[in-house]
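Given next are the chains, with one letter for each unit.
There are 2 protein chains.
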Amino acid sequence: MEQGLGKASIRLKEPVDIIASASVVGTKEGQGPLGALFDIVGKEDHFGAKTWEEAESNLQKEALSEAMKKAGVQAEELRFLYAGDLLGQSIASSFGVSEFGIPLFGLYGACSTCGEALTLGALTIAGGFADMVACVTSSHFASAEREFRFPLEYGNQRPLSASWTVTGSGAFILKRSLDAEGSDGMSRRPRARICGMTVGKIVDYGLKDSMNMGACMAPAAASTLLQHFADWGCGPESYDHIVTGDLGSVGRQALLDILSKKGIDLSEKHLDCGMLIYDAETQDVHAGGSGCGCCAATLSAYLLKQLEEGFWKRILFLPTGALLSKTSYNEGKTVPAICHAIVLEGIGK
Amino acid sequence: MEQGLGKASIRLKEPVDIIASASVVGTKEGQGPLGALFDIVGKEDHFGAKTWEEAESNLQKEALSEAMKKAGVQAEELRFLYAGDLLGQSIASSFGVSEFGIPLFGLYGACSTCGEALTLGALTIAGGFADMVACVTSSHFASAEREFRFPLEYGNQRPLSASWTVTGSGAFILKRSLDAEGSDGMSRRPRARICGMTVGKIVDYGLKDSMNMGACMAPAAASTLLQHFADWGCGPESYDHIVTGDLGSVGRQALLDILSKKGIDLSEKHLDCGMLIYDAETQDVHAGGSGCGCCAATLSAYLLKQLEEGFWKRILFLPTGALLSKTSYNEGKTVPAICHAIVLEGIGK
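Those sequence lines, one after another, are chains Y and E. Each number in the working numbering corresponds to the 1-based position in the first sequence with 1074 added. Each number in the working numbering corresponds to the 1-based position in the second sequence with 1074 added.
Just chain Y, with the same shape it has in the complex (with noise of 0.2 Å):
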């Protein structure tokens, strides 16, 4: 009965589909070098708000309304709502959700939320208890700033192993496979399909720099890896890209030396959606983009799209999440990471 490899991992027997996905975000992602893919960019970083919070609300409001809008559904049709992000008691998610009305499961991750998200969002479908669901995560640049370092007035200086806190969401619709069912007079063809995922453990190496995410983020996204090579049998030749969410320069570095120490060679193979959204040399963000809004607005705009193109066929998407607060970095605790899996492939031209 168990659709399951090993311990952490899950084959689908039916693949989920994401039928539709959308992207909002600030004024400097739209200058990076996806700026053009984006479906929504911000004229500037408030989105019509008096506060960073609340501009992130609105960031997952658009975002969502967005990506129903191009499934052409109505939030009645969407049975459950997987929504997170990276604020204390997720603000921006409850603030930016609530008008919808859709049955809710608020999700903390850190970064790597947007896995969990699309995890739990794709098991109830395979699971055969919703049709179609929801899945939206943000982050803000500064509401984050404000949250977990500095208030931007302070103008502290940043070290270079530091990441730039991604303004952004993305928000995916998820649906039972057409092929499951057989047609439903949908003639959509999906973005890509969910085709199982390997959820993660906590990882702890003891780092305590919250200014050098990557890297304490890096064991987190090895382990899964090598979980999910050894549950599914598989290697880095399965895939055409793995890509990691929010590991920056610095962190992609630590995992290439700790997969390579095991015999992997993974560097034709990664790409980072943190080093992917921006461009490290013109865009003064030192290791690159992290953030819940990261990785989100990345696979709706550009993975999924290489995907739904067929210049890729099969995707390991690695969202990867540092479990720190301020409080819990005042209190001198290290910096725990987790980092979930999900295997997504195209559906061909």
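Everything hinted at is true.
As the list makes no split between identical chains, a pair holds if one copy fits it or if it spans any two.
Straight-line distance between alpha carbons at most 25 Å, and here's what the computed DSS-like set of lysine-lysine pairs gives:
#1 Lys1143 x Lys1081
#2 Lys1124 x Lys1400
#3 Lys1117 x Lys1144
#4 Lys1144 x Lys1081
#5 Lys1124 x Lys1282
Hints were generated in silico from the structure; no laboratory data involved.
Following the hints, complete the assembly by docking chain E onto the known chain Y.
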């Protein structure tokens, strides 16, 4: 294929067993009416830690360890863990469950998180993706006061509508029902069975008083309860008791009033974990107990015991959560709320 009823409800074809559970609480809870029923009562509220946040992590650690011990299972046998708490970025959970090494879904639903965890854990099993999972949630009076209100040292006066955050944690081991696949040689009788659920949506009546969370949460409890009655085609008569999480005495009255206007008299059937766990007359808790640990510890120690021993046959468990943060409060935002409903049945003596 869908096992659902109405939009927000699911009736499981194969109920999921709660095979074991454990509760760990602080000194004040140990002195309350349920004191003798908790598995572990701390001698003092630090639980061996130097900080309140770490104390709360230790609550989760002890609760999960104790539940695993009762079930006779090792961490490796638990396929997934669903965990959450009230603190920013859920650090009580991250630092509490890290060492178990179980693939983790971090959840945030404020004080409703126990209901969210039981829902997602049960769906994962019912969907065929796991044989056994664990759920754990916690709260701690001192870490919550620091997180949401004032430092303890400030000694602020609390209005009578305020609740007292429970220092406690409840952990639950969920397993595929023996009925589903025949005996597996395990002679243990489950404590109760999860038969279905109604997933809550965010309800916001525009209230802003964080010292009256019962009133903020009562509309969410009413919304989920009415949705449940509509979806399942049932009413209060279908349950021995309908047990909200932490409305307290003020929230209880608000709930009874809202339902009374709909022609439903819940006064006889209704219980509230926040009112069960303390003696309001002698323990200076004002409206009652609250927090992620309130309903979790009460469910494990008292509600499941009543079901297990055959005093009750069927209850509706309704954990309630207020989705505020100190940032949203300080920015003048409302206190939105959410409530999830779980149908629990005893299996008779």
